[in-house]
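Colleague: One letter stands for each residue in the lines below.
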Amino acid sequence: MDILLQLTFAGIGMGSIYALVALGLVLIYRATSVVNFAQGDFAMFAAFLMVLAHLHLGLPYWASFLVALAGMVAFGLIFNYGVYYPLRNRSYLPVLISTLGASIVIQNSVLAAYGPHPANLPGALSFQGFQVGSVFLDGQYLVIIAATAALVLLQHLFFEKTIVGKQLQATSQDKEMASLLGVPVKIMIAITFIYSAVLGGVAGVLVGPIIYVSIGMGGAIALKAFAATIIGGFGDIKGAIIGGVVLGIIETFGAAFISVPYKDAFAFIVLFAFLMVRPQGIFGEKIAEKA
Amino acid sequence: MPSFLSVWLGRIGRELPLLLGGLAAVVLVLSVPMSGYATNIVMQATTYAVAVLGLTIVLGYAGQITLAQAAFFGIGAYAVAIGTVSLGLSFWGGLLLAMAASTVAGAVLGITSLRLGGHYLAMITIVFQQILSLVLTNWIEVSHGPDGIPGIPRPSLFGYTLSGSAGYLVFSIVCLTAVLIFVRILKHTRLGRSMEAVRDNELAASVAGVNTYRVKVVAFTLSALLGGIGGALFASGFSYVSPDQFSLAESIVFLTMALLGGAGSALGTAVGTVLLVLLPESLRFLKEIYMAVYGLSVILIMIFMPEGIAGFARRLTRRLRTPAVRPHHAPALHLHTVTSDHRDEPLLVVRGLAKHFGGLRALNNVDLAVRRNNIHALIGPNGSGKTTLVNVLSGIYKPTAGKIAFADEDVTGAAPHVLAGLGLSRTFQNIRLFRSMSCLENVMVGAQRPGNDLSDVHRDLVARSLAALHFVGMGDRADDSVANLSYGHQRMVEIARALAANPKLLLLDEPAAGLNLTEKQELVALLLRMKGLGLTILIIEHDMPLVEQVADSITVLNFGERISDGQPEAVLRDPAVISAYLGEGRAYAVA
Chain V
1 MDILLQLTFA GIGMGSIYAL VALGLVLIYR ATSVVNFAQG DFAMFAAFLM VLAHLHLGLP
61 YWASFLVALA GMVAFGLIFN YGVYYPLRNR SYLPVLISTL GASIVIQNSV LAAYGPHPAN
121 LPGALSFQGF QVGSVFLDGQ YLVIIAATAA LVLLQHLFFE KTIVGKQLQA TSQDKEMASL
181 LGVPVKIMIA ITFIYSAVLG GVAGVLVGPI IYVSIGMGGA IALKAFAATI IGGFGDIKGA
241 IIGGVVLGII ETFGAAFISV PYKDAFAFIV LFAFLMVRPQ GIFGEKIAEK A
Chain L
1 MPSFLSVWLG RIGRELPLLL GGLAAVVLVL SVPMSGYATN IVMQATTYAV AVLGLTIVLG
61 YAGQITLAQA AFFGIGAYAV AIGTVSLGLS FWGGLLLAMA ASTVAGAVLG ITSLRLGGHY
121 LAMITIVFQQ ILSLVLTNWI EVSHGPDGIP GIPRPSLFGY TLSGSAGYLV FSIVCLTAVL
181 IFVRILKHTR LGRSMEAVRD NELAASVAGV NTYRVKVVAF TLSALLGGIG GALFASGFSY
241 VSPDQFSLAE SIVFLTMALL GGAGSALGTA VGTVLLVLLP ESLRFLKEIY MAVYGLSVIL
301 IMIFMPEGIA GFARRLTRRL RTPAVRPHHA PALHLHTVTS DHRDEPLLVV RGLAKHFGGL
361 RALNNVDLAV RRNNIHALIG PNGSGKTTLV NVLSGIYKPT AGKIAFADED VTGAAPHVLA
421 GLGLSRTFQN IRLFRSMSCL ENVMVGAQRP GNDLSDVHRD LVARSLAALH FVGMGDRADD
481 SVANLSYGHQ RMVEIARALA ANPKLLLLDE PAAGLNLTEK QELVALLLRM KGLGLTILII
541 EHDMPLVEQV ADSITVLNFG ERISDGQPEA VLRDPAVISA YLGEGRAYAV A
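Residue numbers (UniProt numbering), protein chains in the order written: chain V, 1 to 291; chain L, 1 to 591.
Just so you know, the hints here were simulated from the structure itself, not pulled from any lab data. Hints may contain errors.
To be clear about the criterion: a stretch of chain V counts as covered by chain L if any three or more of its residues have a C-beta under 8 angstroms from a C-beta of chain L, and this derived list gives those stretches [claimed, not checked]:
1) 89-102
2) 225-239
3) 270-276
Pairwise CB distance ranges (calculated) [to be verified]:
4) H356(L) - F159(V): 29 to 39 angstroms
5) G82(V) - F158(L): 53 to 63 angstroms
6) V164(V) - Q429(L): 47 to 57 angstroms
7) G383(L) - S33(V): 24 to 34 angstroms
8) S282(L) - L4(V): 52 to 62 angstroms
9) P116(V) - R115(L): 36 to 46 angstroms
10) G115(V) - V142(L): 50 to 60 angstroms
11) G115(V) - G145(L): 21 to 31 angstroms
12) S282(L) - G139(V): 48 to 58 angstroms
Glycine residues also receive a C-beta, built at the ideal position from the N, C-alpha and C atoms.
Just chain V, with the same shape it has in the complex (with noise of 0.2 angstroms):
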């Protein structure tokens, strides 16, 4: 029973970081119509961002924090504007490659800059965690699930409450009919992708710690947090939260229990049985193309 409890909260710990990364592919995908399919390198890109400030700067953690922040929002912009903006009228295809693309840019021009080893970025704060019973709260899984909790309210708050939540809405659900309405479009389109990015920044910054640092780290992230979508319902903001929360128990558990090495493919056989039997997800509505 022990270990199951010890397991459940790693899992919600590894799944906050997916949830987090799915939520920023979801309000991508809401606005654009597009798979972001470099959502990944957001995190990876931050937390190098973090290990420059941090460790190679020596600035204090929260200083560095703010800076891959500010960092992020000028990459979601330059990405809004470098790889989906040029594309905006054609098809999802070529902004799907696009972002592709984007992916390889940023990956091996962080591998130019910084070489191949990984980094090992210390946590937020300097407390280890505590024992609660026989199960070990870890400090860092507490911060992580904390931040996402405290993120998902605020944006919740901010969707519902201000002007620019529900401007954001009204371009998600219907670009033409908002920009008639005097809703800026593009510039919404541009704040959903700086968002995003400091999203994926969040959790790039709170899962170095757990995970090394490394140029690779974002694409299996990303894997990952693409099934959380698809097992909570594409396109749906909270199927995004749940899933990627139950995705991360599920991979624990199956490391715990089945296999290490195959602890990657867990989260994709769930995938395929989500797409075998209820290809909506969760929460989604059923897929049909109107005429």
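We have chain V already, so just place chain L on it with the hints.
Modeller: Below, chain L without anything else, positioned relative to chain V:
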């Protein structure tokens, strides 16, 4: 002679330049002494090109993205490696194993994932690619793990062993040339046209009789097979395989090769592959940032060269090409089935039809009977359910309740392509053509529907399509791209596509929408001429003068229910109809 064969025999002559090109490459390889390094480069380019040509089929023709081509390449390569080294098969046995394994893997993945398509397909293929990489690395008993499998033999043929580099290169070039010609000719077959129709407009393809799911699965499987063959050639050529050769990064490289060359063009794909194999060598000075430049060029190709090198070359040579010669007097359009069928029972009988979207009752208890060789008009105010009815009749929506009988057969809930196969053709209110294809090709997709009265010969298909184009007055535009036509002309091509299928019943969804006065008069004449051919037509229309000119009978819908039905004179005087259109008070005034 089946259409496929007749196309092949007709087209193979046009591929002579390619055959000569292949021959020249063979002569070059045999006569010029090459360093081991140069041999490797050429071998890599030829074997990769075979695999990338698979992407021409699935991405270029059928418009489905896959990020697992390196996985199928790997399956082929490992099948040969395991077959020859571990199981002791000859190369040919290994090749067969590779073809079987990649075909089965492709079919299974395609069958399970192609119902979804789009982004789902991209993700699922990435996942498949990742799982294969995991298996190749971790299933050490079979795959030998990260160390890979060395010592893969080369084949012998007619007593000659191809163990020498030059001999094996010739073998791979011959294989590549054959695959290249196959993929090029495929484009002009029924299957190839169906793929392109699915890519351009899936919904229009399905109502034109294309089983879109099956076509996508076939395209995906063929692509996997070519990936497997390429991998088999690669494994034997380099005599060594290891998991990192077949990673997701390789899949993206394959994709880039196809895009750079122009995924829709087989020759372009091959050129793109060769360029990208050679490019790394010339970009060595870039060292670490080489891959970053690579990714950047993917984005730049998407932005500035969406059709790749092939599209670029096409624009350059457009002026040099001479248009195909078409006969001035096209054969008259003969439609066979209807004229021999004078029976009195209605062709289409709808009883108690309902379609609900959640709580919205778009159609409720609708009855409808369309008599043979009649023009039956379906009218009603906006939002009365007319288009929903046509979408249910053509199989796009499944009815919530009720029965549909077409030509004495119960077709309730049948798929669009099945209905098209039974002789039901339609057009759309917002025109749906295959935008990258010519007028003739558009109409040929309609003409090639299953169960059409045409013989299986390619020539007949072309003749019927030309006849249909002439019938609607578009005969002289047969070779023009539909994207360049005016709105009215596009509408005519769409009607020709439906006509060429020799339908028993033609459904026209607001054909006069967006037409000017002259075009409307031409449409009236066309409708009457189509009726003269013996056709039965169900037409949705808002234009009352037009309806009065052509309709033999009228059904009126309002709020999803039938409110009137019968002869035009009676229906148009029906107080219920007048009040639906003009409001309650006016109806009393008229009455």
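Colleague: Counting residues of the segment 225-239 of chain V whose CB is closer than 8 angstroms to a CB in chain L, do you get three or more?
Modeller: holds (count 4)
Colleague: Assuming the hint says 24 to 34 angstroms, is it satisfied by the Cβ distance from G383(L) to S33(V) or not?
Modeller: Given range 24 to 34 angstroms: holds, Cβ gap about 27 angstroms.
Colleague: Should the hint that H356(L) and F159(V) are 29 to 39 angstroms apart at their CB atoms be regarded as holding?
Modeller: Roughly 31 angstroms apart at Cβ, these two residues keep to the hinted range, so it holds.
Colleague: Are there three or more residues in the segment 89-102 of chain V whose C-beta lies closer than 8 angstroms to some C-beta of chain L?
Modeller: The restraint on the segment 89-102 of chain V holds, since 11 of its residues have a Cβ under 8 angstroms from chain L and three suffice.
Colleague: With 47 to 57 angstroms as the target window, see if V164(V) and Q429(L) comply at their CB atoms.
Modeller: Taking Cβ atoms as reference, V164(V) and Q429(L) lie about 37 angstroms apart, which means the hint is violated.
Colleague: Kindly confirm whether 36 to 46 angstroms is satisfied by the beta carbon distance between P116(V) and R115(L).
Modeller: holds, 40 angstroms
Colleague: Holds or violated: the 48 to 58 angstroms window for the beta-carbon distance between S282(L) and G139(V)?
Modeller: Holds: the Cβ-Cβ distance is about 51 angstroms, inside 48 to 58 angstroms.
Colleague: Using the beta carbons of S282(L) and L4(V), state whether their distance is inside 52 to 62 angstroms or not.
Modeller: Distance hint for S282(L), L4(V) holds at roughly 57 angstroms.
Colleague: Do the beta carbons of G82(V) and F158(L) sit within 53 to 63 angstroms of each other?
Modeller: Distance hint for G82(V), F158(L) holds at roughly 56 angstroms.
Colleague: A range of 50 to 60 angstroms was offered for this pair. Does it hold for the Cβ distance of G115(V) and V142(L)?
Modeller: violated, 35 angstroms
Colleague: Holds or violated: the segment 270-276 of chain V covered by chain L, criterion of 3 or more residues with Cβ-Cβ distance under 8 angstroms?
Modeller: Satisfied; 4 residues make the cut.
Colleague: Assuming the hint says 21 to 31 angstroms, is it satisfied by the Cβ distance from G115(V) to G145(L) or not?
Modeller: Roughly 27 angstroms apart at Cβ, these two residues keep to the hinted range, so it holds.
Comparing the model with each earlier hint shows violations of hints 6 and 10; every other hint is respected.
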